[in-house]
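Undergrad: Below, each chain spelled out in residue letters.
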Amino acid sequence: MEEIEEQRLRASAHYRLLAARRSRMAWGCTLLLLALYFAFDLASVYLPELLGRPLAPAGAISVGVFLAFALCVLAVALAAWYAHRANVDFAVLERRIREELRR
Amino acid sequence: MSAALPASARTRALLAAALAVAPPVALAAGASPVNVTAVATFLAFVAGTLAITWWAALRTRSRRDFYAAGGRLGGMRNGLALAGDFMSAASFLGMAGLTLIAGYDAIYFFIGLTLSWAVILLLVAERLRNLGTYTFADVVSLRLARRPMRCLAACGTLAVAVPYLLAQLVAAGTLVEGLFGIDYAEGVIVVGVLMTLYVSFGGMIATTWVQLIKAVLLLAGGTLLAFGVLASMDYSLERLAAAAIARHPEGRAIMMPGGLYRDPISVLSLSLAFIGGTAGLPHILMRFFTVPDARQARRSAAIALGLITCFNWLVFVIGLGAIVFLTDHPQHSLGGVRLAGGSNMAAIHLAQVVGGDVFLGFISAVAFATILAVVSGITLSAAATVSHDLYANVLRHGRSDERRELVISRAATAALGGVGVLLAIVFEGQNVAVLAVLPLVIAASANFPVLLLTMYWRGLTTRGALAGGYAGLVSSVVLVVLGPHVWVAALGFDTPVIPYAYPTLFSMAVAFTGCWVVSAADRTARARGEVAAFEAQLVRSHVGPDVRAVGT
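Protein sequence lines, in the order shown, are assigned to chains A and B.
Heads up: the first sequence at position 28 corresponds to 28 in my numbering, and the numbers run straight through without jumps.
Heads up: the second sequence at position 362 corresponds to 465 in my numbering, and the numbers run straight through without jumps.
Hints listed in this document are in silico derivations from the structure and should not be mistaken for laboratory results.
Please read all numbers here as calculations on a predicted model, not as lab measurements.
Among the hints, a few may not be true.
As the list claims (entries may be wrong) - Simulated restraints, written as ranges between beta carbons of each label pair:
hint : chain 1 : residue 1 : chain 2 : residue 2 : range
1    : B       : Leu525    : A       : Ala56     : 48 to 54 Å
2    : B       : Gly562    : A       : Val88     : 32 to 38 Å
3    : B       : Phe596    : A       : Asp89     : 53 to 59 Å
Backbone N, C-alpha and C define an ideal beta-carbon position, used for all residues, glycine too.
Please build the complete structure, drawing on both the sequences and the hints.
TA: Here it is in structure tokens:
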């Protein structure tokens, strides 16, 4: 029973679309965030003067602190976007798949 | 079918005993003055949370209730509970202290915590919910050989649980020492006993409720404290930062990298420990089985991510406030930014300076409840591992009854409590945010590579997973022990054998390479079957049981 179901799913265009879309969105966001994270790490280690420079002339908060905050905001924004898109897009595809399986 | 938990009368008697023990300990303070307000708040809170545990214990009916809250929590509630599980005393007390000491370098921790949750949301949460039943061991043994994989997962879970417990108990001991004026070791023991009672009688439902309440209280307390600091600075972050630079002995350097780590290996290892470690924490992964479907799993991860990020930056403000108010403070400072009770006490001392004794009592109670709740979550997942994975599945081949599993689970809880207490006494005085990264290093090296590869790489075989998983586990544990935090700070040697604070870069690479090389070389018939089974598992990970149930 499970095997038949699995074969039907694999043949379904809706399933393939769901799998491809989820993978693309998730890996895209992940790689972007990780790249920025490691770039920040390396910049902090190798360019401390640059990241330690005040954001505003003669200010107190440094460039690095601001960039770190911006990166966190970006992560939250991407997560919210992904969760929202997934709830809309994936739900439609899941409904289609459910209908196909019922047939 | 359902094995009822022990009679409520026994529970009640034990809880009453626990409550009766607390006041004499508090009054035995003797030498140092006891802050009555703080002690009253604290005791009221402990009584309240234990009452909730007792109430939940009456409602715990079956094994599924005990481990996974019946699988029926909503996304919002589970998101709060996840955040509650994760915003530990390490985040609050430890990171405020790190900001006080090192300034800028505490930021690595903030970004790491935020991004680790993004990775959980994007790569792990949905698929895990679609695949799993109770624990992450269930997931990694889906298409691979059941018994050896469960054994590996159990070893990974326990290797993570012990240092995690240790970090929380160190924070608890420091806190109780400062609050009641009692001995550090006694404080650790009291928390150990409370924790054991908590988990034994409430199970997952109780800890979920405690996490929820605690998450709300911790967010409220942190917000109040941060706003107390900002109010004295006309709500200007720039003024706060300028005041911190002016007060701190290091001056401008607190806004520059280099206060804690100067070498790229330590920094990158720290980042990798967060990214892989959080997604490899069994008690966090377990929480994704308490929601009904992938949609709620996703929602709860996103909510947790938002809450944790907000909280982290509040802690940064609190840390800067600690610099401004506590540097050279006549009562709380031992000179400069060295605090009485250590850096872990930054937020606690700051609460008293900013808000007086009542506020001190509140923040202490919140921090203590946080520790109790986090420690319970960890212990529960470790106890579930021993009873469900090691005992029921590995030793008894799945032929065991629920009642025996619950008994084993309680025994494991007590044993873990004992080990945690002993270690916490050895590690007295270390910054708890730094200590809390050690279990993340182990989780990132032992659990995360196997979990990620079994879900995403078709070629992973049992032999490969075992080789990589055990290699990551052993190498991370050995390198952590030989590193500065254990070898020098806890064991008392002069120089560390491994100079890097965190060895994730090496141990994680060892794990991934082990999985890959051994899997690729595995030509057995079993390996071919496991590779062939990947496709079915992939389908299941994308289309959860909630979607397919209607079809069958």
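Undergrad: Indicate, hint by hint, whether the structure satisfies it.
TA: Verification of the supplied hints:
{"no.": "1", "hint": "B:Leu525 to A:Ala56: 48 to 54 Å", "verdict": "51 Å, holds"}
{"no.": "2", "hint": "B:Gly562 to A:Val88: 32 to 38 Å", "verdict": "34 Å, holds"}
{"no.": "3", "hint": "B:Phe596 to A:Asp89: 53 to 59 Å", "verdict": "56 Å, holds"}
Violated hints: none; the structure is consistent with every hint.
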